[in-house]
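> Quick mapping for you: the protein sequence lines, in order, are chains A and B. Sequential numbering from 1 applies to the first sequence in full-length UniProt numbering. Sequential numbering from 1 applies to the second sequence in full-length UniProt numbering.
Keep in mind that the hints were calculated from the coordinates and are not lab data. Note that the Cβ used here is the ideal one computed from N, Cα and C, for glycine as well. Misleading hints may appear alongside valid ones.
Unchecked claim - Pulled a few chain B residues facing chain A out of the computed Cβ check, cut under 7 Å:
#1 P58
#2 V81
#3 R84
#4 S85
#5 M89
#6 N95
#7 T99
#8 A108
#9 G109
#10 L112
#11 N113
#12 V166
Unchecked claim - Straight-line distance between alpha carbons at most 30 Å, and here's what the computed DSSO-like set of lysine-lysine pairs gives:
#13 B:K119 with A:K296
#14 B:K8 with B:K228
#15 B:K167 with A:K290
#16 B:K119 with A:K290
#17 A:K296 with B:K140
#18 A:K290 with B:K8
#19 B:K167 with B:K140
#20 B:K119 with B:K167
#21 B:K145 with A:K296
#22 B:K167 with B:K145
#23 B:K145 with A:K290
#24 B:K167 with A:K296
To be verified - Covered by chain B, per the in silico footprint, the following chain A stretches (three or more residues, Cβ under 8 Å):
#25 273–285
#26 289–300
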Amino acid sequence: MTQTQQQPTLAVVDGTAEPPRQQAREPSPLLRPASLAQNRVPWWTSLVVLAIAAVLGAALSALISFNLALWLVLTAVLYLVISYCVTRVKVNRRQATDKMWANLVYLAFVIALLPLVSVIWSVTSTGIPGLLESGFLASDMQGVDGTTDQRSQEEGEPVLGGIRHALVGSLLITLTATSISVPIGLMTSIYLVEYARGGTLSRAITLFVDVMTGIPSIVAGLFGAAAMAWFLGVGNSLGLPVPTRSTMGITAAIALSVLMIPVVVRTTEEMLRVVPNELREASYALGVRKWRTILKVVIPTAISGIAAGVTLAIARVIGETAPILVTAGFVVSNNWNLFQGWMTALPVYIFRQFQNPTSPNFSDPSHQRAWAAALVLIIIVMGLNLTARLIATIFAPKKTGR
Amino acid sequence: MSKSITAKDLNVYYGDFLAVQEVNINIAPRSVTAFIGPSGCGKTTLLRSLNRMHEVLPGARVEGQLLLDDDNIYGPGVDPVTVRSMVGMVFQRPNPFPTMSIRENVLAGYKLNGSRMSKSQADDIVEDALRGANLWNEVKDRLGKPGSGLSGGQQQRLCIARTVAVKPEVILMDEPCSALDPISTLAIEDLISELQQEYTIAIVTHNMQQAARVSQKTAFFNIAGTGKPGKLIEYADTSTIFNNPSNQQTERYVSGQFG
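The following block holds chain B by itself, in its conformation from the complex:
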């Protein structure tokens, strides 16, 4: 289960504004790919276009081809809702549903879609997902309590459990650790390494050590100036990007000499 994602000449627009220009990238299944680059260079925009969350904003649109294995995500007649159920997403700020308990949050993908299941089935899904997110031992005695009562790191793992519970092919993470302390960050990073065995993962991060720690491949994006589109500058193995980048911009960015 885990599929690859391939972008071919992908342009992402906000109305008339071209935000990301001509991205060609191939994300292999069962791997972690990190998107790095300065703020405003279109990492998050590109990530959100990978599961058609981009078009939730008014006027946002995409040109070019984006393939999930062999299916075009932006093909005619493709239902964005189906795409999103196959390509899950974890957001920058932990956002458990405040009206739901921990258990209901994990089951949200099923419950919100109105699917019925027996209690034992639901229990299995909850336990699997929470174990998968390394949260089971911390919350197993209070599954009925509100999800918003957890700490920030636990909430983020709850959000990951919620995403994992619907068994997506790909998981997108938009700076999942930027609101967390180092300990919680470590927990999430360990989790990412485990999830990689089953899922294709793309992660946006501003933390270059994090990119180096968790990812096999790294994509560096940059922007020529305000109002110009972001571009994919270099895409290679993480060790190459950090130790021996071929592009001078990449070298300046990863060595901290940027700007």
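So here's chain A without its partners, still in its complex pose:
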């Protein structure tokens, strides 16, 4: 690079209106420091700046009136400012701007993480006592009424009642919803990726799937209830032995599958699309039929992504409250039968315990049960997410073998 070529670069970097001609002879120290290690600050600078910011922030907040939130906010702001100034003085303006933006990105990350950490912390700390109550997972709410709760709160007796019926209900409803949605969703996406050649039908399906993604869950619940009521009406008029009431587990499963199908279609479609076309052609060239190619080459290649997508879809619907409340209702006892009688799911249980405590005047035991159930729900969802990752790793095509 000649010096005449450097001149415009310098002006751009520096951004000042200095007379350009004067510096044309020698490379500016900004562009070419005297030694390679110059223009660097030691690695511990950030830590020192952070410590200074923390101390200053504590002092400043003490001047006003010390509290944790104010201290943290002041520390963050001071850190941003001091860090910028130090880099500006010791290094140069470009590095200082870089430093500032990097710090802003870190700060945004911390802010985004705060609610998550806070939720996990509050649910865990509030939910643990209820979870440790003996028989919480193994008993239902039968026999638990206002008097038992009153005794628990006033005389310190153990809190009775548990979530067994809710666990059973959530499990049955979600599993049924999954076994309805996965075949429908997977086959839809296979049609979209493998068979549709960009025709009207495939565009219509894609549009409707997108619309379905946005359906509010309560609407799905109403749909499930209405569809089942209509279905039972038809069954009754034909003289079939069907239940008279539409409020039961299977109705909730249908409502949930309305929410689940678009998620499954979307994720599996993406996964099938990334399977390289070369593999399909390799299979065709061996004289393999299309449906066998899809079944034995395309799906196995994409299975890790499909399984992960399905697991995430399950995690998405297991926390639904409204559609289950309007379709399966709420009971205090265990019900294993999806086709007869009301059923409780975990989110509905939490909602009922919080909103309508078993003993309206002595609500502490109910709240304790609600928080513990919330903790269980979070653990289940996290477990499902971890399972999705595990499945993705286990089923992923083996990369090496040398």
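Mind docking chain B on chain A? Use the hints.
Relative to chain A, chain B alone:
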């Protein structure tokens, strides 16, 4: 086992676009025929139409006659799947199935079609095919390992073994060495010479030395300009094409004066 392929006035289309025009060619059994020509002149398109892989793409179709010995490949009622089981294909990039082991890859033609066989039968097929592809000695101790763990040249030979395992009549190769280093290329070329004893082979290549080394006959394709159909310019013995071509375009292409 090895059959001839004859094209009569073959036109290959992508939708309304005529990609290859009026090809007349006769590929003899147990021989290697090389397709050469500049990019975009329709070599690969023609090759893919020889086992009806062409029509996998939406809108692609073929007019004219294409005979495998005496059977019309594009005749009414012909099942493309049957054609493909008789006319195998090796692709430009090695594409072993990532979910399968080396052994399963070789057996893919059987397994994917759901045919059952005893273990000893399967072992025989695997060994024969891998020996036929000069890969047996390199992989015999790790048949259970994933095929994608092999080197590029080994993967391509694995793909050839997979094609050979289903005993086709004809093997089509679409630039099988373009992703490989010279040593692996040499291995594949040796393999092609051996396979020629049993199979009819058509190979698309951009490497004219390769065409000269492996083939008995060479077909030169050319294209008049962008958007025009590709045409078969000259089809003759390889030595004639490279030493004494009758067409001036061929001479300019093989001597490197093209364009």
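> Each of the hints needs a verdict: does it hold here or not?
Against the structure, the hints come out as follows:
1. Nearest Cβ of chain A to the Cβ of P58 (chain B): about 5 Å, under the 7 Å cut. The hint holds.
2. This hint holds: V81 (chain B) has a C-beta 5 Å from the nearest C-beta of chain A, less than the 7 Å allowed.
3. For R84 (chain B), the shortest C-beta to C-beta distance to chain A is roughly 5 Å, which falls under 7 Å, so the interface hint holds.
4. Taken as an interface hint, S85 (chain B) checks out: its beta carbon lies about 3 Å from the nearest beta carbon of chain A, inside 7 Å.
5. For M89 (chain B), the interface hint holds, the least distance from its beta-carbon to any beta-carbon of chain A being 4 Å, beneath 7 Å.
6. For N95 (chain B), the interface hint holds, the least distance from its beta-carbon to any beta-carbon of chain A being 4 Å, beneath 7 Å.
7. Interface hint at T99 (chain B): satisfied, since its Cβ lies 4 Å from the closest Cβ of chain A, which is below the 7 Å cut-off.
8. Hint on A108 (chain B) holds. Least Cβ distance to chain A is approximately 6 Å, under the 7 Å limit.
9. Taking 7 Å as the C-beta cut-off, the interface hint given for G109 (chain B) holds, the closest approach to chain A being about 4 Å.
10. Taken as an interface hint, L112 (chain B) checks out: its beta carbon lies about 4 Å from the nearest beta carbon of chain A, inside 7 Å.
11. For N113 (chain B), the suggested interface contact is upheld, since its CB lies about 6 Å from the closest CB of chain A, less than 7 Å.
12. Here the hint on V166 (chain B) is kept, as its CB sits about 6 Å from the closest CB of chain A, short of 7 Å.
13. Between K119 (chain B) and K296 (chain A) the CA atoms are separated by roughly 20 Å; this keeps the pair inside 30 Å, and the hint holds.
14. A hinted pair counts as satisfied when its Cα atoms are at most 30 Å apart, and K8 (chain B) with K228 (chain B) qualifies at roughly 20 Å.
15. Restraint check for K167 (chain B) and K290 (chain A): satisfied, since their Cα atoms lie roughly 20 Å apart, inside the 30 Å limit.
16. For the suggested pair K119 (chain B) and K290 (chain A), the alpha carbons sit about 27 Å apart, so the restraint of at most 30 Å is met.
17. Simply put, K296 (chain A) and K140 (chain B) have alpha-carbon atoms about 25 Å apart, close enough for the 30 Å limit, and the pair holds.
18. Of the supplied pair hints, the one linking K290 (chain A) and K8 (chain B) holds, its CA atoms being roughly 29 Å apart against a limit of 30 Å.
19. For the suggested pair K167 (chain B) and K140 (chain B), the alpha carbons sit about 21 Å apart, so the restraint of at most 30 Å is met.
20. Taking the CA atoms of K119 (chain B) and K167 (chain B), the gap is about 19 Å. The hint holds against a cut of 30 Å.
21. As the CA atoms of K145 (chain B) and K296 (chain A) are separated by approximately 19 Å, the hinted pair is consistent with the 30 Å bound.
22. With a C-alpha separation of about 24 Å, the suggested pair K167 (chain B) and K145 (chain B) falls inside the 30 Å cut-off, and the hint holds.
23. At most 30 Å may separate the alpha-carbon atoms for a hinted pair to count; K145 (chain B) and K290 (chain A) meet this at roughly 27 Å.
24. Annotation: proposed proximity of K167 (chain B) to K296 (chain A) holds, straight-line Cα distance about 21 Å (limit 30 Å).
25. Remark: the segment 273–285 of chain A is confirmed as covered by chain B, as 9 of its residues place a Cβ nearer than 8 Å to a Cβ of that chain, reaching the required three.
26. Given as covered by chain B, the segment 289–300 of chain A passes the check, having 6 residues with a CB less than 8 Å from a CB of that chain where 3 are the minimum.
Violated hints for the displayed structure: none, as all numbered hints are satisfied.
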